[in-house]
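Here are the chains, one letter per residue:
Protein chains: 2
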Amino acid sequence: MDAYKKAGVNINAGYQLVDEIKQLSKNSELGAFGGLFALEELGKYKNPVLVSGTDGVGTKLLVAIEAGLNETVGIDLVAMCVNDILAQGAKPLFFLDYLGIGHLDPNKAKKIVAGVVQGVSEASAKLIGGETAEMPDMYTGDHYDLAGFAVGIADKAKLLNKASLRAGDALLGLASNGLHSNGFSLVRDILFKQHHYSLDDRLPGIDQDLKTELLRPTRIYVKSVLPLVDQGLIGAIAHITGGGLPENVARILPENLAAEFNYGSWPVPTIMNDLQKIGHLSFEDMKLTFNLGLGMVLAVHPENVDQVKAALIESGEAVYQVGKLVTGSQEVLIRKD
Amino acid sequence: MDAYKKAGVNINAGYQLVDEIKQLSKNSELGAFGGLFALEELGKYKNPVLVSGTDGVGTKLLVAIEAGLNETVGIDLVAMCVNDILAQGAKPLFFLDYLGIGHLDPNKAKKIVAGVVQGVSEASAKLIGGETAEMPDMYTGDHYDLAGFAVGIADKAKLLNKASLRAGDALLGLASNGLHSNGFSLVRDILFKQHHYSLDDRLPGIDQDLKTELLRPTRIYVKSVLPLVDQGLIGAIAHITGGGLPENVARILPENLAAEFNYGSWPVPTIMNDLQKIGHLSFEDMKLTFNLGLGMVLAVHPENVDQVKAALIESGEAVYQVGKLVTGSQEVLIRKD
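Protein chains in written order, with full-length UniProt numbering: chain A, 1 to 337; chain B, 1 to 337.
Certain hints may be false.
If you only want the chain B side, here are some residues facing chain A, beta carbon under 7 Å, derived [unchecked claim]: (1) Ala-7; (2) Asn-27; (3) Thr-54; (4) Leu-62; (5) Glu-66; (6) Ala-67; (7) Pro-267.
Hints are computed from structural coordinates only; laboratory data are not their basis. Don't be surprised by glycine CBs; every beta carbon is placed ideally from N, CA and C.
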């Protein structure tokens with residue numbers, strides 16, 4: 001394979017990586033033509049529905065690459081996918097990852113995939129396959145892209161359904177772990193292009209340096225929220241990603257309801273306030289780009305609020321009653337008074 | 001969203017694209033947090049197993065980008081994934097795609113996804129979701145990467161199993177549609193770096209220009225091969241991708257068998273012979289990089305060979321008896337005498 005290696009593709013590095021991923025994931029079947037997942041517990045489901053999601057990490061990757069810290073973007077990757085599946089009321093079953101990279105360095109790839117393995121574990125799912133594509137000339141320098149695919153399952157009748165929502169339902173916000181994996185093109189533009197911060201700098205009010213703050217992994221809400229879904233205590237879930245509260249909460253609203261958030265009823269992460277100041281961002285830009293501190297928003301009937309809050313706190317979540325559903329036409333209002 | 005747009009991310013272009021993909025795929029549910037797939041026909045399966053695969057198109061994308069012909073790489077993407085699922089004996093159910101792109105041009109993205117929709121249709125599957133990630137600074141110029149994810153299903157007892165293979169089983173090769181989606185870093189190195197061919201040039205013995213020859217989409221074998229799997233006529237399937245016949249056929253061999261191919265018993269595409277000559281490739285390089293004209297290899301008990309060949313020809317495949325299984329230790333031998 002001299003010619004192929006000279007052309008920039010190192011097949012042996014790929015094989016070495018597969019062996020290492022097998023060990024990391026404790027799944028010796030990796031490397032087959034397709035990943036297998038036996039639907040053994042199907043008896044539990046009357047009308048099983050598979051719920052699938054795909055996502056990437058976005059340009060947060062460029063921060064990880066620049067910082068040389070590739071250990072946690074895999075957690076972000078899994079989080080972006082499994083939180084979407086959870087938002088439908090489904091239980092994540094398995095995950096596959098795609099790594100596109102210019103030059104395959106097995107040690108670096110192993111660190112990336114170790115993050116995926118950790119994320120999959122936090123989501124109580126299983127890594128059953130993946131692809132590492134060495135693509136010289138497509139990715140320049142150290143660049144790589146990462147895409148993930150998750151599949152979950154739910155009983156059709158138990159999928160979260162916006163028809164169950166009522167005016168007066170509470171909106172509970174679960175604290176995000178900072179920026180998560182959205183808005184990074186704007187973040188990088190403000191910090192590194194408009195201004196010339198270094199990844200070792202600290203922003204006002206933040207103890208950690210920028211690389212640590214920016215790279216904090218997206219929170220995975222599966223273990224704390226799924227049991228409440230199973231108990232029928234949750235009406236709907238919005239996973240707050242690109243588009244922020246307005247776009248993502250709008251997706252759970254039926255035609256006759258609107259969402260009202262009381263700005264100030266939850267803490268906005270300091271990094272976002274700093275970015276607003278440094279970048280002279282309008283609140284419009286802020287709310288459509290960042291999660292404003294809420295990684296997930298749950299719509300809950302008033303009679304279930306206390307039980308849901310208590311259970312979430314018990315699971316280690318920071319939870320805030322951030323607003324409510326009102327009669328309307330799918331508006332998402334963030335009241336600042 | 002002025003700030004985000006200035007930072008290189010056009011959210012509205014993304015929304016426009018989702019609308020267009022909904023129309024293309026005739027799936028109005030696209031755009032939800034997760035794609036849904038009801039397992040309605042589960043009654044047919046005693047012990048259902050989901051089979052998943054993820055893959056990309058590799059640097060064939062760079063040829064498509066250079067040629068400005070982005071309409072068929074989506075077919076390649078689907079083919080790479082669903083042929084892997086078929087290789088396990090499973091039926092592809094649904095597909096999701098991930099498009100990472102530097103600057104989102106909805107018209108171009110629409111062309112790319114139209115290829116995905118066509119591929120999914122050829123595989124009798126359903127496109128239930130996808131992600132388009134606009135990542136300025138990650139992808140330079142017109143570059144984009146494409147990853148796909150397919151899920152299929154099979155009854156556990158009907159998954160193809162290497163234990164069913166016997167010495168004397170015939171190896172049937174299904175003609176590839178040229179290079180498919182492998183070896184393109186080498187192809188590009190030979191044609192465009194070592195030599196300075198243009199995409200409009202013609203190679204000896206090939207009527208079409210290079211861009212047409214190189215971009216011919218990977219063949220999707222689902223419709224022709226799956227019915228034979230369902231009838232129990234196929235012992236094992238190797239999908240010939242990166243690593244060629246040696247690596248991919250080795251994956252279907254049990255410990256006590258080897259595969260013997262008779263080189264010359266099937267036509268090697270002219271493009272590969274041209275590349276060997278122009279690039280001074282050893283046969284070793286050739287066989288480990290290219291499919292040598294066989295996109296899929298089936299192991300079939302001798303008593304079923306005539307029926308399988310007839311059915312494949314009837315389905316429009318070009319099929320060749322290319323070798324047989326012999327006693328051995330998982331060697332893959334390509335006999336040139």
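A quick look at each hint next to the structure:
1. Ala-7: holds (4 Å)
2. Asn-27: Because about 13 Å separates Asn-27 (chain B) from the closest Cβ in chain A, which is outside the 7 Å limit, the hint is violated.
3. Thr-54: At about 4 Å, which falls below the 7 Å cut-off, the nearest Cβ of chain A leaves the hint on Thr-54 (chain B) intact, so it holds.
4. Leu-62: holds (6 Å)
5. Glu-66: violated (10 Å)
6. Ala-67: violated (15 Å)
7. Pro-267: For Pro-267 (chain B), the interface hint is violated, since the closest Cβ of chain A sits about 23 Å away, which is over 7 Å.
Hint compliance for this structure: hints 2, 5, 6, 7 are not met, and every other hint is.
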